[in-house]
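For the record, the sequence lines run as chains A and B.
Note that our numbering numbers the first sequence so that position 66 is 66, with each residue one more than the last.
Just remember that our numbering sits 129 ahead of the position in the second sequence, which is counted from 1.
Derived by calculation from the structure, the hints in this document are not laboratory data.
Keep in mind that a hint or two might mislead.
Below are the DSS-like pairs computed for lysine-lysine, each with C-alpha atoms no more than 25 Å apart in a straight line [what the hints assert, rightly or not]:
no.	chain 1	residue 1	chain 2	residue 2
1	B	K268	B	K226
2	B	K266	A	K52
3	B	K226	B	K406
4	A	K13	B	K170
5	B	K170	B	K325
6	A	K13	B	K266
7	B	K406	A	K52
8	B	K170	A	K52
9	B	K266	B	K325
10	B	K226	A	K13
So the derived list for chain B, only partly shown, Cβ under 7 Å to chain A, looks like this [to be verified]:
no.	residue
11	H131
12	W133
13	V168
14	I185
15	M207
16	F208
17	E210
18	T214
19	E321
20	A340
21	A341
22	M358
For each residue, glycine too, the CB sits at the ideal point set by N, CA and C.
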Amino acid sequence: MISNLRQAWNDQKIEILIGNLLRIGVMISATLVLCGAVVYLSRHGMERTNYKAFHGEPSEYRTLSGIIDQVLHFRGRGIIQLGLALLIATPVARVAFSIWGFLAERDRMYAAFTTLVLAILLYSLVGTR
Amino acid sequence: MHVWEFTALVALGSFLAGLLGALTGLGGGVVLVPFLTLVFKVDIRYAIGASLVSVIATSSGAAAAYVKEGFSNIRIGMFLEIATTIGALLGAFLASKLPTNVIAIVFGTVLLISAYSARKPRPLADRELPPDPLATKLKLNGSFPEAGTMRSYNVQRVPAGFSLMFGAGALSGLLGIGSGAVKVLAMDQAMEIPFKVSTTTSNFMIGVTAAASAGVYLNRGYIDPGIAMPVMLGVLAGSLLGTRILVRAETKWLRLVFSVVIVVLGLQMLIQGLRGKI
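Please work from the sequences and hints to get the whole structure.
What follows is the structure in structure tokens.
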């Protein structure tokens, strides 16, 4: 019973830490997207949109190296895309931190489950090009 | 349409979707894709990419608030995420293979079903249940604070819940939504997890599930910065405001209005999809 309570308390402490990490990730990402939006709209605001046909994003907006290259050239869309990539990375970071949390509690079964989830996420990010 | 005009209108619509979604608990993500495809004639693949990004934003943004209350169960969440992430990968692959009008038909059907299931009162998993051997082995049983004490619960029917969560993940990856309705079905009805625990845990899981398909979407070029930017910022602002005022708001009428909106959009998606116009 006591060990159960202690486990619940540790879970909670780790979860609060992770929850705050997620929120900070979202805030940084939203700030980046907003900054990118200002640059993008100030340059391209008067152009016409056409999203009726699907072309797929060019490679500079699909890979991290491409996105960083766009950011270094101070392209608004590149800065937005960097914010979005960071947003996608926050749940991945959450899962990675959870592995550490379960290991700290010596819960091998859940450390293994969490590693499996992380592997699936990483496969989606880098294995599906 | 000019870029600034498109950005402003999409941001406004996304803000309202996020606000209504948070206030009614129906999730704003479900209306975003029909809103973008039907009103702004955006290709459904771009719409799905933008919607999925906003799902991650709301899930991660709200996570910290939910965790502090001590309702969510990280083990249930992590165990079921194995099913949802594999499903999400599969769904995202399907999205790149299926013709767009088939996706629109599936989307319309899901909208109609979720409007129907939101109409019914939520079941109360309040029964005292005996521990299930598999759930005990997987350490899924837990407790949560209620009326000053800790109430414990025993999770039921793990295989059924796990399979349903795979389906929830696949729908999420195919349509770019959080698929909260299927998650509630799996956790509340099949696994009989108490409502407070299931909603907070599933909210936590939505972000991880969405990230599994977002990688595929990003690599396939579905995520367009010009569309995702106003959607993500609008939904995030709307849902954050929505959770702030949630406590005091009278949601019965809002739920009704929002359900009608969902039905209309669902029918439109079905009709346009069947006509091959999407």
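Going down the list of hints, with the structure as the test:
{"no.": "1", "hint": "B:K268 / B:K226", "verdict": "violated (38 Å)"}
{"no.": "2", "hint": "B:K266 / A:K52", "verdict": "violated (51 Å)"}
{"no.": "3", "hint": "B:K226 / B:K406", "verdict": "holds (18 Å)"}
{"no.": "4", "hint": "A:K13 / B:K170", "verdict": "violated (46 Å)"}
{"no.": "5", "hint": "B:K170 / B:K325", "verdict": "violated (38 Å)"}
{"no.": "6", "hint": "A:K13 / B:K266", "verdict": "holds (24 Å)"}
{"no.": "7", "hint": "B:K406 / A:K52", "verdict": "holds (11 Å)"}
{"no.": "8", "hint": "B:K170 / A:K52", "verdict": "holds (6 Å)"}
{"no.": "9", "hint": "B:K266 / B:K325", "verdict": "holds (23 Å)"}
{"no.": "10", "hint": "B:K226 / A:K13", "verdict": "violated (43 Å)"}
{"no.": "11", "hint": "H131", "verdict": "holds (6 Å)"}
{"no.": "12", "hint": "W133", "verdict": "holds (4 Å)"}
{"no.": "13", "hint": "V168", "verdict": "violated (12 Å)"}
{"no.": "14", "hint": "I185", "verdict": "holds (6 Å)"}
{"no.": "15", "hint": "M207", "verdict": "holds (5 Å)"}
{"no.": "16", "hint": "F208", "verdict": "holds (6 Å)"}
{"no.": "17", "hint": "E210", "verdict": "holds (5 Å)"}
{"no.": "18", "hint": "T214", "verdict": "holds (4 Å)"}
{"no.": "19", "hint": "E321", "verdict": "violated (20 Å)"}
{"no.": "20", "hint": "A340", "verdict": "holds (4 Å)"}
{"no.": "21", "hint": "A341", "verdict": "holds (5 Å)"}
{"no.": "22", "hint": "M358", "verdict": "holds (5 Å)"}
Hints 1, 2, 4, 5, 10, 13 and 19 from the earlier list are contradicted by this structure; the remaining hints agree with it.
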